[in-house]
Each structure stands twice: as structure tokens, then as C-alpha cells.
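Colleague: On the provided structure of chain A, position chain B as indicated by the hints.
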Amino acid sequence: MTRTLLTGNGAAAWGARLAKVDYVPAFPITPQTEIIETLAGWIENRALASRLVTMDSEHSMVTAAGAAASTGVRVFFATSSQGLLYGMEMLYTIAGWRAPLVMVNVSRGLSAPITLEPDHNDVLAARDAGFLQIHCSTCQEVLDSVLIAYRLAEDGRVRLPVLVNLDGFYLSFTREPVVIPDQATVDRFLPPYDPENVAFRADAPMSQGTAVLGGSAYSYFRYQMHLAAHKALVVYDEIAHDFAALFGRCHEAVECYRCADADYLFVMMGSFATKAREAVDRLRETGLAIGLVRPRLLRPFPADHLREALAGKLAVAVIDQNLSIGHGGILYMELAAALAGGRRRETPLLTSFVGGLGGREIGSEEFFEMAAVLQRAVQDGHPPPPRLLFTEAELREVRKLQGVARAPGNKRGGGL
Amino acid sequence: MYRIRFHGRGGQGMKTASRILGRAFFLAGFEVQDAPRYGAERRGAPLFAYVRADTKTINERGVITRPDLVAVADDSLVGLPLAGVTQGLDKRTVLLLVSHEEGALWRQRLNLAGVAISLPPLAEAQATARFHGAEMVGAVARLVGCITAAQLREAIALELAFLDAAEVAVHQGAANAAYEAMAEHAGLVQPGGPIVAADYLPPRWLDLPFEPAQVSAPVIHAPATSVAVQTGLWRTMRPVIDYDCCNRCWWLCSTFCPESAITVDEDRSPTIDYDHCKGCMVCVAQCPTHAIVVQPEEEPVPGGSP
Numbered sequence: 166m167t168r169t170l171l172t173g174n175g176a177a178a179w180g181a182r183l184a185k186v187d188y189v190p191a192f193p194i195t196p197q198t199e200i201i202e203t204l205a206g207w208i209e210n211r212a213l214a215s216r217l218v219t220m221d222s223e224h225s226m227v228t229a230a231g232a233a234a235s236t237g238v239r240v241f242f243a244t245s246s247q248g249l250l251y252g253m254e255m256l257y258t259i260a261g262w263r264a265p266l267v268m269v270n271v272s273r274g275l276s277a278p279i280t281l282e283p284d285h286n287d288v289l290a291a292r293d294a295g296f297l298q299i300h301c302s303t304c305q306e307v308l309d310s311v312l313i314a315y316r317l318a319e320d321g322r323v324r325l326p327v328l329v330n331l332d333g334f335y336l337s338f339t340r341e342p343v344v345i346p347d348q349a350t351v352d353r354f355l356p357p358y359d360p361e362n363v364a365f366r367a368d369a370p371m372s373q374g375t376a377v378l379g380g381s382a383y384s385y386f387r388y389q390m391h392l393a394a395h396k397a398l399v400v401y402d403e404i405a406h407d408f409a410a411l412f413g414r415c416h417e418a419v420e421c422y423r424c425a426d427a428d429y430l431f432v433m434m435g436s437f438a439t440k441a442r443e444a445v446d447r448l449r450e451t452g453l454a455i456g457l458v459r460p461r462l463l464r465p466f467p468a469d470h471l472r473e474a475l476a477g478k479l480a481v482a483v484i485d486q487n488l489s490i491g492h493g494g495i496l497y498m499e500l501a502a503a504l505a506g507g508r509r510r511e512t513p514l515l516t517s518f519v520g521g522l523g524g525r526e527i528g529s530e531e532f533f534e535m536a537a538v539l540q541r542a543v544q545d546g547h548p549p550p551p552r553l554l555f556t557e558a559e560l561r562e563v564r565k566l567q568g569v570a571r572a573p574g575n576k577r578g579g580g581l
Numbered sequence: 035m036y037r038i039r040f041h042g043r044g045g046q047g048m049k050t051a052s053r054i055l056g057r058a059f060f061l062a063g064f065e066v067q068d069a070p071r072y073g074a075e076r077r078g079a080p081l082f083a084y085v086r087a088d089t090k091t092i093n094e095r096g097v098i099t100r101p102d103l104v105a106v107a108d109d110s111l112v113g114l115p116l117a118g119v120t121q122g123l124d125k126r127t128v129l130l131l132v133s134h135e136e137g138a139l140w141r142q143r144l145n146l147a148g149v150a151i152s153l154p155p156l157a158e159a160q161a162t163a164r165f166h167g168a169e170m171v172g173a174v175a176r177l178v179g180c181i182t183a184a185q186l187r188e189a190i191a192l193e194l195a196f197l198d199a200a201e202v203a204v205h206q207g208a209a210n211a212a213y214e215a216m217a218e219h220a221g222l223v224q225p226g227g228p229i230v231a232a233d234y235l236p237p238r239w240l241d242l243p244f245e246p247a248q249v250s251a252p253v254i255h256a257p258a259t260s261v262a263v264q265t266g267l268w269r270t271m272r273p274v275i276d277y278d279c280c281n282r283c284w285w286l287c288s289t290f291c292p293e294s295a296i297t298v299d300e301d302r303s304p305t306i307d308y309d310h311c312k313g314c315m316v317c318v319a320q321c322p323t324h325a326i327v328v329q330p331e332e333e334p335v336p337g338g339s340p
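These protein sequences, in sequence, are chains A and B.
For the first sequence, my numbering gives the first residue as 166, with consecutive numbering after it.
For the second sequence, my numbering gives the first residue as 35, with consecutive numbering after it.
This is chain A alone, in the form it adopts within the complex (with noise of 0.2 Å):
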């Protein structure tokens, strides 16, 4: 075991290391590309035998990552935002091959305009692919999850594919102190790829991803994926309990932070979580009863564990780094489903914020607004519109932009 300093990219590599992972096709995009460089530089130096193809697009190296899970090796492979959607036609289709392998998504901002920085809508457009998603806060977090992934997606009663999602510069560009575990420890979690009936070999023909017409066959096997995904709760709460009980890192599918005598909650993914996370104990020392919820887990969508987090509080804010064009934060949406769909009758108010979209940073005295805009609709009895997290001087500024870029009836630089 090593404690070091590590970026995301480097623990995202790390993790895959440790796994021990047999090929590894590869295509570079920013800001992903230090995980395969990574990976690549341990290959070349026999630190790690594994089998590294560069491949001309994201749609081929998901597809051939695919093609070797299928035939019984450990894959990973790497990617981010454009390059994500690039190869979105063969998310769906290897998800649907039931291949079990990992992939490490770095969240960046989709075009246009376009950018480097991060938000979640690049992740967010692969949720219904088929792939399970974890979601990470910290630089630990991404090592730790590349080893639960594959106990997740390798397990007979899974079988999916999972996404690990680490944000952008926040954490693939940031180092931070990172324990390395041994590599028998981690033998002794993540054993050998056992493919079952995976296996695919030219000895033993069989087709796969078959063609089906009619519409029952194809509602039974995708909705016995959506019954994988499911199973894959309760799968991975075994897994976690495993992995803590050797690791001694517990990363449950939802984090609950100061929340037990909370009255109210931020609820947030990714990295921007722990700006959160901060904001909660500097307001308990106002003697404000505020806690954070953060789901690691996306998919499946822990709704049971969501809804017990929930319950009984007075008023919650939900913090998008995520905008579902023509409805507002995804994650506000899934949450609100799943608090319609439950039992309990003390529902707390849900007021829905934006922000972090493209990397746009959020203050700690944003954290301690939303809080007060909690405490204000608690009093008013009602949750206040969607608001996103912009302010009169970021509009000023883009108003200087339109004056360069002659947007008509600009007023240069002027007032709002």
C-alpha cells in the first residue's frame, strides 16, 4: 500500500492497473487522454501486460471493446464528452451484448459552444444506454470504483457494462492524496475475469446481438437488462461492503454526510459535491441543521435509499451540474419521480438549482444562499421557480463578449 499524490486521470489508470485489465483500445480526447497515455507508458515498460490498440473513433473502440469483453478479456477503455456521443450508437449495442467491461468517462461540456470544462450532460446522454454509472467525488473515489465496477459488471447476476465518471480538471487535472492498494489485496477482491458463458471463440461459434422482429423478444431481453440493473443494487451494496471490509473505504451507493439530524440537504454528483460537502459544515456552525446527500450510484437509480435520505426533512436543494434542454436538472427530475413514487407522506420541499454548467465554478456563498433560500421556502410553504446560478456580473461579462462578437443590438460592454 502507497499513499501518493495523484491526479483523477492517474488513479483512473491506477485502478485499471490493479484490475489487472487485458486490452485496452484507445482514442485520445481532452481532457481524458492522460489515462490511456498513462496506461500506455506501463505497457511499453512491462509494468502491466495488457494490449493496447489505437483505433481511428470512439464508435470503433467501443465496438471493439465490446467484441473482447465478448470473448472472455478484461477491458477498459476511456473516454470523454464529444468523444462519448461519438460512440453512443455502440453504448447501447454492446450494453445490449451484455458484455461486462468498464469504462472511465471524464465529464466535459457538449458542444456548442464549445468547451474543455466540465458539466454532466455528456454522462447524462449515456444513462439510458444500458451501462450502470458511478459517479466520483475525489481522486480516491476514482481508483476505488474502477475495482468496484468490475466485481458490478462482472457479476453472473449483472452483466452490464459500467461507467465510472470522474469530473473534468476538478479531478482529472487535480492531484490529491491517493492510497495505492497492493496488488494482493486486490486479488483477493477482484479475482480473474470469469466469463461464464461469454466466451466467444472461433471453436465455439455463436451469434450475438441477434437481429429480433415482432417486439416481444426485444421487450423481453431489454427489460431483462433493466431487471439486471435492478439486481445490480443490491449487488453492489455486497460489493461495497466487501471492498470496505478490506479496504477499509466505504462507498455506498448514496453518501449521506451530516444528515441523520439534518432538516435540510444539498443533493449533488461529482466533484463539486465536496464544495458542498464544506458548505454543510460551515453552515452547522452557524447551527443550521443541514446535511448532503450524494448519489454515487446513477444507475441503477437508488431510489429506495434516496427516498429513506429524504424523509422527514423540511426542504431540499437539488444542484444540477446538468441542463435537460426544454425541462431543467435531470437529477431535480429523477428525484422528484422517485419521491412521487414512494409511501412515506412526509416529503420534503424540493427546490431545484443549476449550476457548474461548462465548469462554471460555485461559491461557498452560493452554497449559502441556496441554504437560505431553503430556510426562506420552508417559511413561504412553497418551493421558488428553477433558479440557475448566474449572476448580474458573469451577464455583464458575456455582454463584453457580444460587443466583440457584434451581436446585434448589443451594447457593448454596457449595462444588464
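It is worth saying that the hints were derived from the structure and are not from the lab.
Among the hints, erroneous ones may be present.
As the list claims (entries may be wrong) - DEER-style ranges, computed between Cβ atoms: (1) A:Leu560 with B:Val327: 31 to 37 Å; (2) B:Ile254 with A:Glu450: 43 to 49 Å; (3) B:Ala251 with A:Gln247: 40 to 46 Å; (4) A:Met253 with B:Pro225: 44 to 50 Å; (5) A:Asp469 with B:Asp241: 34 to 40 Å.
Being a predicted model, the structure only gives us computed values, none of them experimental.
For every residue, glycine included, the Cβ atom is placed at its ideal position computed from N, Cα and C.
Modeller: Below, chain B alone, put in the same frame as chain A:
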């Protein structure tokens, strides 16, 4: 928690400096977070990197808005609003600048409430032998006062492991000299407290008004607006054409220039547009007669002023 920002230009080693400092803090027993922040630009573009160090787990993330120390590798960045060098400076913040001019002068110029200290810029021979970041990180390590010379030396060895031993030693020597030079200021930079919730300035959120697509689509409604951005300020080194040596090939340097900053006259003579040349030196590498030489930005140009 210590909150420290490094500002410099791509190529000056600010990311490396932040990593060395982060590693040194880690070796000294701190929890650490270090990260660079940059976009798609190349060498010469303004960038920054930051380090947080604390005795307990760090939950803060992202850009540091209330720095205890700001270290600047290139004083030409101070006047660039986009570089954000002065963001969040208050009376507690120490400003460390690489500059020919004294800290006291910068303090007066920028109307700073805190202390400013300057480090002399490297001579040309030194600048080509090592990262500028080595001096800076040496100075910073002494200013925070909780990193030993041995930890600094080890951090440099670990973070520059990709260099050969002699090069590592050069950087260690430079860092150590700066570390010693700052002895009188040891511990001047003190860790800041948490950002408390008791009295905060509420954000001035607004309800974003609807605007028609003619205004609100991400369109630049005019050609060549990038001319307005004087990327020539990014240069640390300048390519200079020796016209006696130029064979008037007509196309190589101008074609390879990624910024289209070289034009060729009717008499086949190339001219460099120094308002937009970023100093990438691609032209220097391409010129078949080696007619383009490299000069430090601070030296005057023979026979003209770009």
C-alpha cells in the same frame, strides 16, 4: 489551510512548480490538492496553477479566490485582466513577483494592502537551462515556513524524475538558492481560515432574460475579430528575421506559422506581425537557411522596434 496560486505563461513551468510545492507539502505531512488550469492555448498563453495544503482533509475545490500567496513568474501578466493575477488579494496576501522592479514599487503601483516581494528574472543562459518555476517554488517553500530544505530537494527529485540527475541538481540548486534568499521572510505567509457562513456576501443572481436566437446563439457576427486580441503579449522569446540570410523562398515560414502572423511582400520578403506572433518558434524550426533567430523578449531588436 494554505491557499497558493501560481501565475505564469505556458512554458514557464507553473504547473511543475505547483506540483513540486504540492509534493513538498505532502512530504511535510500535509493533505494536499494541486492543479493547473489552462485551455487549448499553446506556449506563452497566460495560465495559472494552484495548491491547497491543510492538516485535515480538503473539501474545497477549484480556483482559489482568497489566496494567502500569489506567485507570478512574469510581471507582464499583471496588466492583463484575463490573467486574473490580482484576484482576491487582500491585506493578508503576499505577492511574489519575478521582476526587475522591487516589490515595494509593485505594492505602490497595484495599491496593495499586503506585502510584495520580487525575485530577479533569470539571465538568458539560466532560462534555457531550467524551469523558471524552480526559483519560485524555492522561495514559496521558505515563505510558508513549514517545508524543510530537504523536503524541497526531495520534492524536486520526485517531480522532475523525467530529467537526468544533472538537470535535477541544477533545479535543486536554483530552488535552494531562492529558499535561502527568503530566510528573512520565513513564515511570512500564514494559512487562512475557513470561508465562514456567518457573514457572507450573497451572490447577485439574476433571472436570465429571454433573448432571440439572433442575439443569443453563439455566433461571431464579423470576420477576423481575433485581430483585436494582442497575442504578441504571450511571447517570452521573439523570432527575428535576418534578411541577409533569408533566401526569399516565399512561403515556408509564412505557411507554417500557425497564427498566420507572417506575411510575404511582393518582393518575397517575409514580415512578422509582432502584435500577434505568440513566440512558438515554428518558423525558426522551418526556415531552411536558418535566417530566423531567437531573442529574449526583453532585448531590443536591432534596427527596429516591434
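Colleague: Please write out, lowest number first, the hints stated earlier that are contradicted by the structure.
Modeller: 1 and 3
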